[in-house]
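K.L.:
So the sequences go chain by chain: L, G and F. Residue numbering for the first sequence follows the UniProt record's numbering, starting at 1 and increasing by one per position. Residue numbering for the second sequence follows the UniProt record's numbering, starting at 1 and increasing by one per position. Residue numbering for the third sequence follows the UniProt record's numbering, starting at 1 and increasing by one per position.
Where hints are given, some of them may not hold.
Stated by the list, open to error - Pairwise CB distance ranges, derived in the manner of DEER restraints:
#1 L45(G) x I295(L): 32 to 40 Å
#2 T20(L) x D48(F): 21 to 29 Å
#3 L45(G) x V30(L): 52 to 60 Å
#4 T20(L) x D216(F): 21 to 29 Å
#5 F229(G) x V30(L): 34 to 42 Å
#6 P163(G) x V240(L): 46 to 54 Å
#7 K104(F) x G62(L): 42 to 50 Å
#8 F44(L) x K147(G): 14 to 22 Å
#9 R100(F) x P230(G): 26 to 34 Å
#10 T293(F) x V30(L): 56 to 64 Å
#11 S284(F) x T123(G): 52 to 60 Å
#12 Y53(F) x T20(L): 23 to 31 Å
Hints were generated in silico from the structure; no laboratory data involved. All residues carry an ideal CB built from backbone N, CA and C; glycine is no exception.
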Amino acid sequence: MTTTVDPVTRPPAAGAPNLTRSALSVRRRVTNQVALGLIVLALFVAVIPLGLVVWSVLSRGGSVISWEFLTEDIPNSFRRSGGGVGPAVIGTLIITGMAALMAVPLGVLGAIYLNEYGKQRPLARLIRTMADIMTGVPSVVMGLFIYSAWVLLFDARTGFAGALALACLMLPVIIRSTEEMLRLVPDELRQASLALGARKWRTTLTVVLPAAISGITSGVLLAIARAAGETAPIVFVVGVTTAPNWNLFSGENTALPAQIFRNASQVFEPAQERAWGSALTLIVIVLVFTIIARIIANRFAIKER
Amino acid sequence: MTTQTQTGPDPKTALSSRGGGPRADRSFQVLTLVAGLLVLAVLALILITTTREAWPALSEMGLRFITENRWDPPSNVFGGLAFIYGTAIVSLISLIFAVPVSIGIALFLTELAPRRLRAPAVTVIDLLAAVPSVVFGLWGVLVVAPKLVPIYQWFNDVLGGIPVIGSVFGEPVGSGRSFMTAGLILAIMITPIITSIAREVFDTVPRADKDAALALGATRWEMITGAVFPHSFGGLVGAVILGLGRAMGETIAVALIIGSSTQITANIFASGNAMPAVIVDQIGESTGTFTAALIGLGVVLFVMTVLINTAAQTIVRRAEIRMKGARS
Amino acid sequence: MTAPDPKVETVTASDRPSVSINAPTSGWGAVGVDTPQAAGAPVMDLRDVSVFYGNYEAVRGTSMPIRQNQITAMIGPSGCGKSTILRSLNRMNDLVPGARVAGKVTYHGQDLYAKDVDPIQVRRRIGMVFQKPNPFPKSIFDNVAYGLRINGIKGNLHDQVEEALTGAALWDEVKDKLKMSGLSLSGGQQQRLCIARTIAVRPDVILMDEPCSALDPIATGKIEDLMHELAKTYTIVIVTHNMQQAARVSHYTAFFTAEVDDKQVRHGRLVEFSETGKLFTNPSDKRTEDYITGRFG
Chain L
1 MTTTVDPVTR
11 PPAAGAPNLT
21 RSALSVRRRV
31 TNQVALGLIV
41 LALFVAVIPL
51 GLVVWSVLSR
61 GGSVISWEFL
71 TEDIPNSFRR
81 SGGGVGPAVI
91 GTLIITGMAA
101 LMAVPLGVLG
111 AIYLNEYGKQ
121 RPLARLIRTM
131 ADIMTGVPSV
141 VMGLFIYSAW
151 VLLFDARTGF
161 AGALALACLM
171 LPVIIRSTEE
181 MLRLVPDELR
191 QASLALGARK
201 WRTTLTVVLP
211 AAISGITSGV
221 LLAIARAAGE
231 TAPIVFVVGV
241 TTAPNWNLFS
251 GENTALPAQI
261 FRNASQVFEP
271 AQERAWGSAL
281 TLIVIVLVFT
291 IIARIIANRF
301 AIKER
Chain G
1 MTTQTQTGPD
11 PKTALSSRGG
21 GPRADRSFQV
31 LTLVAGLLVL
41 AVLALILITT
51 TREAWPALSE
61 MGLRFITENR
71 WDPPSNVFGG
81 LAFIYGTAIV
91 SLISLIFAVP
101 VSIGIALFLT
111 ELAPRRLRAP
121 AVTVIDLLAA
131 VPSVVFGLWG
141 VLVVAPKLVP
151 IYQWFNDVLG
161 GIPVIGSVFG
171 EPVGSGRSFM
181 TAGLILAIMI
191 TPIITSIARE
201 VFDTVPRADK
211 DAALALGATR
221 WEMITGAVFP
231 HSFGGLVGAV
241 ILGLGRAMGE
251 TIAVALIIGS
261 STQITANIFA
271 SGNAMPAVIV
281 DQIGESTGTF
291 TAALIGLGVV
301 LFVMTVLINT
311 AAQTIVRRAE
321 IRMKGARS
Chain F
1 MTAPDPKVET
11 VTASDRPSVS
21 INAPTSGWGA
31 VGVDTPQAAG
41 APVMDLRDVS
51 VFYGNYEAVR
61 GTSMPIRQNQ
71 ITAMIGPSGC
81 GKSTILRSLN
91 RMNDLVPGAR
101 VAGKVTYHGQ
111 DLYAKDVDPI
121 QVRRRIGMVF
131 QKPNPFPKSI
141 FDNVAYGLRI
151 NGIKGNLHDQ
161 VEEALTGAAL
171 WDEVKDKLKM
181 SGLSLSGGQQ
191 QRLCIARTIA
201 VRPDVILMDE
211 PCSALDPIAT
221 GKIEDLMHEL
231 AKTYTIVIVT
241 HNMQQAARVS
251 HYTAFFTAEV
261 DDKQVRHGRL
271 VEFSETGKLF
281 TNPSDKRTED
291 YITGRFG
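Throw the hints in and build the complete structure from the sequences for me.
P.N.:
Here you go:
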């Protein structure tokens, strides 16, 4: 050991050291306080717009909403008051429902491939990366894709085209969130099932999936909530209608986001009112899905322990 | 497993007698694989079909499609530079506001918040993410934009006379529908995504590093700059780029708020237009080459967002690997 | 108070074969000779200190002194609260939500938990070395310079870094690669880097929380040698799960144990505090004797 500690290194605080806050240099103290203050401020900066949006939608939309508003047909003039957005409510529900019907099974199967079969193989990694990239594809591009590949091909705007676009938007989200959940399932469960002589597909469907089901459901509901609020593809692949259309495969349709978009840019009071009313309806639908998803996710967290 | 089988004929038949046979296993695996491959298929199809539909416009305009500032559908001239410019400016403004706020919130959640405040704060961010973008657009155009005009006017009065800076803070448009308003609303919309990634990044900073800094007598802020930031720089860059990708593709809010005028100006208080906004605004009344040109804008947007997202993923992943490797 | 006589240690080794204490061949006998005048005076003092996590009392009623330029070891089975007490000495427990300290911890006569005391000043004077080597993901130089920079300590940065690295017996090994990442060093070197980082800000007391538990025997030996050197300048408190280590390096030893009260709740408790030689050769408490002779659990 070559150490020779210089006597200079003796601690300066041999007497009664000053431990109070005043011992901290003003510069350091102020920098710290200011920085921490700004961090707290950042949270408020985010809370304020949320509060303002919610307040605007509640106060302006609340006075519009009624049973008639939710069920009656859309007036065919922006200037006319009365009527409702019934067809848009129906459209939102059936288009989003159809999209979920397509995207959920495919997404879950894709996630099963990634987590149970592909794991770290190059193909699985490629799919994972591409799913992440697909999540970032703008909804307007997804709309254009369906427009080019479906609407122009069959020369018809339908609810189903909208459902296809929403399904494309949901697919990568469901794949990635489901994969996360499957990864949480302990390997012992799989081994226990395999050791009993069950085949892998059986193990996956009867042991692994049920173990992760609440997490998967929660992720799926969040994806559905997201899709229900998507506007761009709806606006130009679904078309317009003022009467309810229960048929997804023929005839144009409409949905709440499209109604909000169309009415928001109008100067007429009745149109703007319809926009606010539709916004409140849409937020409530999205919120219900989000809250159910959270409750399910919390249940799951408790069961894990 | 097969070595355990002492008697009996072929172990394969012994196994196939139970649970549906190896064929079921095989076909299930193929089924899941097909579902996984669908992601690749859709991405490839997006590129192929949109490019094919956009080809008439792209081939006619060539590179001028993205370098020329003249969008004149009646005379079949489609130069989309103004829209690319608008997208860039609006995204930039939104990042300037969203990045510090998001990092601040993420730091609050990971380093400062008392435990009972953490859950409500996370809920607020989740709710912010849950509000559909069209609702933000509606709020932005009918409530926010008119209220911002006096503020813009004040900035213009104060800073308008200064050279260079003055041209940025120019005369505000009367409706308030401008690059700036669109950027502000976009900032609110991309804050949740940047926050959530920044949070994940900060969460990977080892407790031991923070303790080490504090044990040396660092203040909390010194701990953040000394122990947290060096660990998370790469991840933060990725988060910001991901936010940029989101901002560029955001359609509806921007379409409602940006004011829809085809111009390139330094004035952030002026109206403009952006790629996704032009597409939704005009595709309803377009035909022929015009439609092709709009789809072409979509192709440009698609390529740009894919490039940006790929860059972001790579950076985030590399940062993750570096951190994990360093600790093992 | 004087440093314990090394002879006691030797007796320990021969008398109690059940505890294989290897008396150090060199090193700590010299400490007593070399110690400055103030050596032995209490720097810190614990009076009836209890640490709570929420309503749970993790350690109860601890009283002991920490003496200048001496090495005080805390030993005991896991869950006995020795690390908890250690972390209450520089207010690192403040960082655990719900943690609370009752009783009095004084440092040069000042109550560490008084209202006007700033934990940052406390930690600057009472440094800490952790169980797992935890250098920052920065260069070796920047690791050591970090504390100097944030504390705004004046003087030639390079000289002070060299001095700290020399003090931690690491200078010769790293002087040619100061720009390399601190994480590129071996485990033992990383831990000595962490010690250098701690002594660079010239603390008064150094707390060590099982500093060798992640290291191999050779690296452990180097750190133990280093501790003897450091004790000439600093006051050291070390938590260790390794009795032999406590016997080898320390002047005083506190033995903690975990007790279950009538409500079936476990609490950590200080059983015995005395000179290391005495504690290992002639413990006054039956529980201490059981533990050091290996009859414990």
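K.L.:
Each hint needs a verdict: does it hold in this structure or not?
P.N.:
Consistency of the hints with the structure:
1. Checked against the given bound of 32 to 40 Å, the beta carbons of L45(G) and I295(L), roughly 37 Å apart, stay inside it.
2. Distance hint for T20(L) and D48(F): a CB-CB separation of about 24 Å, consistent with the stated range 21 to 29 Å.
3. Remark: the range hint 52 to 60 Å for L45(G) to V30(L) is upheld by a beta-carbon distance near 58 Å.
4. As the Cβ distance of T20(L) to D216(F) is approximately 43 Å, the hint placing it in 21 to 29 Å is violated.
5. Hint check: F229(G) to V30(L), Cβ distance near 20 Å, so the stated range 34 to 42 Å is violated.
6. The hint said 46 to 54 Å for the Cβ distance between P163(G) and V240(L), and at roughly 49 Å that hint holds.
7. The beta-carbon spacing between K104(F) and G62(L), approximately 59 Å, falls outside the hinted interval of 42 to 50 Å.
8. A beta carbon spacing of about 19 Å between F44(L) and K147(G) agrees with the range 14 to 22 Å that was offered as a hint.
9. Taking the beta carbon of each, R100(F) and P230(G) are about 32 Å apart, inside 26 to 34 Å as hinted.
10. At about 57 Å, the beta-carbon gap between T293(F) and V30(L) stays in the expected band of 56 to 64 Å.
11. Judged by the Cβ atoms, the range 52 to 60 Å given for S284(F) and T123(G) holds: they are separated by roughly 57 Å.
12. With their beta carbons about 27 Å apart, Y53(F) and T20(L) fall inside the hinted range of 23 to 31 Å.
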